[in-house]
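With the hints as a guide, bring the two chains together.
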Amino acid sequence: MQLFLARVIDGLSNGAAYAAIALALVLIYKATTLINFAQGSLAMLGGFVTYVFASEQGVPIWIALFISMLLSGLLAAGLERTLIRPFDPSDHLPLVIITLGLLLGIDSIAGVIWRNDPRAFPGLFPDGDVFTWGTTTLRWYDVGVIVSVLIMVALLELLLNKTKIGLAFRAVSSNLESSRLVGIKVGQTLMFGWALAAAVGTLAAVLYISSPIRQIEPTFMLRVLIFSTAAAALGGLDSIKGALIGGLIMGLLQAFFGYLSGWSKEWSWMPEIGNELNLATAFIVLLFVLLLKPAGLFGTKGIERV
Amino acid sequence: MALLEAHDVHAGYGPVEVLRGLDFTVEEGEVVVILGANGAGKTTTLRALSGMIATSGSFLFKGQEIVGKDPADIVRLGIAHVPQGRGTFPELSVEDNLYAGAYARNDKEIRADVESWYDAYPVLGERRTQQAGSLSGGEQQMLAVSRALMSRPELLLLDEPSLGLAPIIVKDLFAKFGELNRERGTSMLVVEQSAQLALGIANRAYVLESGSIAIEGTAEQLRNDDSIKRAYLGIEVDEAEHESHEDPADPPTDHPASPPTDHGANL
Chain A
1 MQLFLARVID GLSNGAAYAA IALALVLIYK ATTLINFAQG SLAMLGGFVT
51 YVFASEQGVP IWIALFISML LSGLLAAGLE RTLIRPFDPS DHLPLVIITL
101 GLLLGIDSIA GVIWRNDPRA FPGLFPDGDV FTWGTTTLRW YDVGVIVSVL
151 IMVALLELLL NKTKIGLAFR AVSSNLESSR LVGIKVGQTL MFGWALAAAV
201 GTLAAVLYIS SPIRQIEPTF MLRVLIFSTA AAALGGLDSI KGALIGGLIM
251 GLLQAFFGYL SGWSKEWSWM PEIGNELNLA TAFIVLLFVL LLKPAGLFGT
301 KGIERV
Chain B
1 MALLEAHDVH AGYGPVEVLR GLDFTVEEGE VVVILGANGA GKTTTLRALS
51 GMIATSGSFL FKGQEIVGKD PADIVRLGIA HVPQGRGTFP ELSVEDNLYA
101 GAYARNDKEI RADVESWYDA YPVLGERRTQ QAGSLSGGEQ QMLAVSRALM
151 SRPELLLLDE PSLGLAPIIV KDLFAKFGEL NRERGTSMLV VEQSAQLALG
201 IANRAYVLES GSIAIEGTAE QLRNDDSIKR AYLGIEVDEA EHESHEDPAD
251 PPTDHPASPP TDHGANL
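Chains as they are written, first to last, in the numbering used here: chain A, 1 to 306; chain B, 1 to 267.
A couple of the hints might just be wrong.
As the list claims (entries may be wrong) - Chain A stretches covered by chain B per the calculated footprint, using a threshold of three residues with CB under 8 Å from any CB of chain B:
hint	region
1	56-66
2	175-184
Claimed, not checked - Some chain B residues close to chain A (C-beta under 7 Å, calculated; not the full set):
hint	residue
3	81
4	89
5	92
Simulated from the structure, these hints should not be mistaken for laboratory data. No residue lacks a Cβ here, since even glycine has one placed at the ideal position from N, Cα and C.
Next up, chain B with everything else stripped away, as it sits in the complex (with noise of 0.2 Å):
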């Protein structure tokens, strides 16, 4: 039994329908990349997943049906969201921050587990006490990604960690991801659209287009494939001028032929 079985789901924000009919699989331990250009219902699937809006099909996580439970619950189940933007508490301190990571669990072992995290990234460590609104981007994705784990997540969803984020620590970010991954058996499923990084951590990718999965394989597959990767993977190119957090790898002089279907890179 796959560790998350998406069935037909359906969802969007009142009458726009932006999942339709999206079915994909995450197996225990496996880091799954979601590709797809702007608008295709990359976070949208994400959102739906933790129960943030209003989703009809099937998400059976564990073999438990989770569409309709509230976030609350859904966090309780193993599922943890780092949300586009990050979402931390700018408010609060990166302490609290931590500590509210954990509101879902009652165990002895929380305070430990922030102290983990100040050991695995000390910079967080150094500023506990500071506002998490005050550090920079970079140490602002750390704070979110550990503060989702401190719910010890069995599943950890990622919505464009790379966004708004120097290409240099993109790297490294994406380097602690598989860290992570294989130290602790954390599954995840990332959305992202510097494709390049984030095959190179994933065992399988789907892309996403209009709302359903329109192409599946390993990563291996989808980044030796050419016309994959110049129909999906070098949309970015196009989009270059607009999004600031491309992905540098992608020389901007390697412009894509024309994809082999209508793909609607800007809906």
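Next up, chain A with everything else stripped away, as it sits in the complex (with noise of 0.2 Å):
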């Protein structure tokens, strides 16, 4: 029992950071029915530019958050402007091919910076656990993550559906063409978007790498990225809500498959499944999810136009 609460605890706080990154795929995805596969790099980004700030520099960690945040949102801005924006929004492969260079274009530089040595993350909620109990422990981090998650969803919930730049970006999404007839610059919409997106997904990973058990590397939004794309697949793409619900269904299903591959080393009938492993679960999930519901669990379905 304290071990299944230890794995519920686990699997919430993880699926809170793939919720949070996932909203970021969600919000690029609202506007253009594009995966930002850069996504998650741009995140790992904004993490080590944190970093710098905090760790490097000693500015407070919120304060280096915040900045952060603002810089990432301006490059991607800049990153909209210059290399998306010239293109077709309609077609989406090359859209699609020029977020998998920014991927890789991201992680190399990254890479050549702070090369591949993890570092200590300073934390961003008090050290120390809310309560103990045997194996199961509640720290202030996850209390922590899972809180801010929530007020995230809460405040893109209001921005998507009660402001004006929300209505601008699902009208974008439904139809480009009558956007630009009822007024809509649909640049100027999309390259928010993305500016907005990119920060959510500093924030995501701030509240990610900031766990007292991880260090920051210029690959370790890449895992993230994988259970993000899953979530927000499972909850419907175009759904706030379904990247929340989403995200934390994956961190669930995550940890339970490490409490499986513990069973299988104790029962010999079963054969021993490594904790490597459970990067299938993403896959298993995005393979149910596009066979049995591609719509996923809150997504908008497609409407035939009459």
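The structure is reproduced here in structure tokens:
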């Protein structure tokens, strides 16, 4: 029971971080119906910028985070303007290739600058535990991450559903041509979307990496991106709420996969399942979503126009 | 000064030039219809006007040159475009569609305007939370027109509003256009294949042929001129088998005589 509870806490805390990156993916998808594969790399970069400010320059961590969110938003806006906007927004393949190129480019640049040595990342939340019960521990970090992500979800829901820029977002993703005809500046809307998604991504990366058991290195977002992509697909790709639920489900699945691999060591009839295999849960989920419910749990079903 | 003056307008898609020196005017408060065969450039005219395609020549709207402006700025000057196939936001709710129509506005009467469309078309009010894509064709056309009018335009561009709709619904729709024109004074530029209905609400009409104006006159003149009727309005009878939205007022037995000129009905 204690182990089970420990796994649930683990799963929710990881899942909240997955959900946060999934939110960034959803924001871009909502406006462009495009998955930005560079989202994780941009977030990783944001994480490093936060690290540089906080650990090397001694800026308080929350201020460092805020500065990095602004910087990554500016960078993403610039990338949208220079690399994305010149292309036809309705033709996805060139855009997908550009985001893949960005992923590789940003990752290698980060590799050159920061090498692949893991470094300690300053904590965002107080050290220590809220409570401990045998092997079950609820850290302040877990509480902090989950609460932060819930606040993010609430703010983004408000932004998308109650503001004019949110309406523009949804309109652009629904019908590009009509958006222009009603006076929406499509380019500016997408640029804002990229900036917002990058800022959300940076926050997500910092939430994830500030866990006391993690260290920052240039590849740390790759795993997260895989789980987050699965989470976003499970939630429906264009739903904020879906990203949250999808992220938490992925976190829990991953945690219970670990639980299973623990059993597999004890029961001789079961082949041993290595913990490394838990990335496979992401692919299994993606596969089942695509097969059984392509619109995801909360996604907008495509409507054929009459 | 006319509300809109088009002078020597050229436009097209890539290397294909569709409009070849177009001249026409729309006066304040007028309903003007552009008739013509498929491929004559009717839709292109409207797309050029709202800034959706590269255009050269001149469109003076209220004396201001709008060629080369962004669509988002043209709608702010007072031109709203209901594109062919309606162009609603299918995944958005009816209400969000109407609010999107007021995107270019910043005043405090947007809420009241949305309500006024619910009064005008109660079915939109009943379905305000439904996705626009789930409405019937006629309801979507009402929504598209209401959405365009949410920007409070002085000139409304309507591209084939009858397309794909049942004749009885089309009749209602055109009655509504006439009413909007009389009550709000909104000028309209209508592109339409259902010539009889369109001429019924129009003040003047142009016949577009291979990208330029072939004939112009008052709606009365065009409706009553037999040779024009046969040559240009009768074209549709010829193509009745291809066009499901044909105007039922034209009996299919009324086979048109050969047109007096080489008018290129099947460009």
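Status of the hints after comparison with the structure:
| no. | hint | in the structure |
| --- | --- | --- |
| 1 | 56-66 | violated (count 0) |
| 2 | 175-184 | holds (count 9) |
| 3 | 81 | holds (5 Å) |
| 4 | 89 | holds (4 Å) |
| 5 | 92 | holds (5 Å) |
Hint 1 alone, counting from the list given before, is not met by this structure.
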